[in-house]
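So the sequence lines, in the order shown, correspond to chains A and B.
Counting from 1, position 57 in the first sequence corresponds to residue 57 in the numbering used here; the numbering is continuous, with no gaps.
Counting from 1, position 25 in the second sequence corresponds to residue 1025 in the numbering used here; the numbering is continuous, with no gaps.
Check before you lean on any hint, since a few could be wrong.
[As the list claims (entries may be wrong)] Heads up, simulated EDC-like pairs for lysine to aspartate or glutamate below, C-alpha to C-alpha not over 16 angstroms straight-line:
id: 1; chain 1: B; residue 1: K1101; chain 2: A; residue 2: E107
id: 2; chain 1: B; residue 1: K1070; chain 2: B; residue 2: D1031
id: 3; chain 1: A; residue 1: K69; chain 2: A; residue 2: E53
id: 4; chain 1: B; residue 1: K1101; chain 2: B; residue 2: D1031
id: 5; chain 1: B; residue 1: K1111; chain 2: B; residue 2: E1015
id: 6; chain 1: A; residue 1: K69; chain 2: A; residue 2: E107
id: 7; chain 1: A; residue 1: K71; chain 2: A; residue 2: E53
id: 8; chain 1: B; residue 1: K1101; chain 2: A; residue 2: D59
id: 9; chain 1: B; residue 1: K1070; chain 2: B; residue 2: E1052
id: 10; chain 1: B; residue 1: K1101; chain 2: A; residue 2: E30
id: 11; chain 1: A; residue 1: K17; chain 2: A; residue 2: E79
id: 12; chain 1: B; residue 1: K1101; chain 2: A; residue 2: D56
Read the hints as simulated data drawn from the structure, not as lab findings.
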Amino acid sequence: EAQVTQNPRYLITVTGKKLTVTCSQNMNHEYMSWYRQDPGLGLRQIYYSMNVEVTDKGDVPEGYKVSRKEKRNFPLILESPSPNQTSLYFCASSLYPGQDPKVNTGELFFGEGSRLTVL
Amino acid sequence: AQTVTQSQPEMSVQEAETVTLSCTYDTSESDYYLFWYKQPPSRQMILVIRQEAYKQQNATENRFSVNFQKAAKSFSLKISDSQLGDAAMYFCAYRSTGTYKYIFGTGTRLKVLA
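Using the sequences and the hints, build the whole thing.
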């Protein structure tokens, strides 16, 4: 089954304790990205990756790190979490957006979300 | 910079009736894609419908259809014969063909009344 898998689904942690949210996709997608969802703000992009070893900042990258060492994995790292990073996080993947738009419309496939609470 | 606006934070519809969710966007680009995603209480993000800007014809998927007005930069979602399972948060999203950035609106929560 084609899917994007995130772990953990729920996490409560304390300020300053490093954590990693893993993301893995089995669709051989080149493009992967992370979003955070907050009430009244919709989804905002944190980081994205166009392929292995290629990452770039989205709209709200402060306080986050990512890496893309393998095509299927794109972990989100919070080195020193703070309460303002309490949010619902989504990982998503798609085919390479630069491909022929008549072939690839860039639909995002989302993971199930990770609810993170930082106390 | 592109923006996506959903001006209706919440909407209600009677079961079996029709409802339209609005979305406007701002862009200077001519080639792009627009999407509607549904987020039920399970939190899963589900693609409802997509529209390619180069296509004149409005997209339809069963009970879901869009009214795409390129000149007006408007992309509304019509849900016909509303069902209880349609209750969810709906997000409008934009993607330019020239970038790797997706821009989402703030969402519209749809309630379906039995």
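* Unsatisfied constraints (hint numbers, rising) -> The structure breaks only hint 6.
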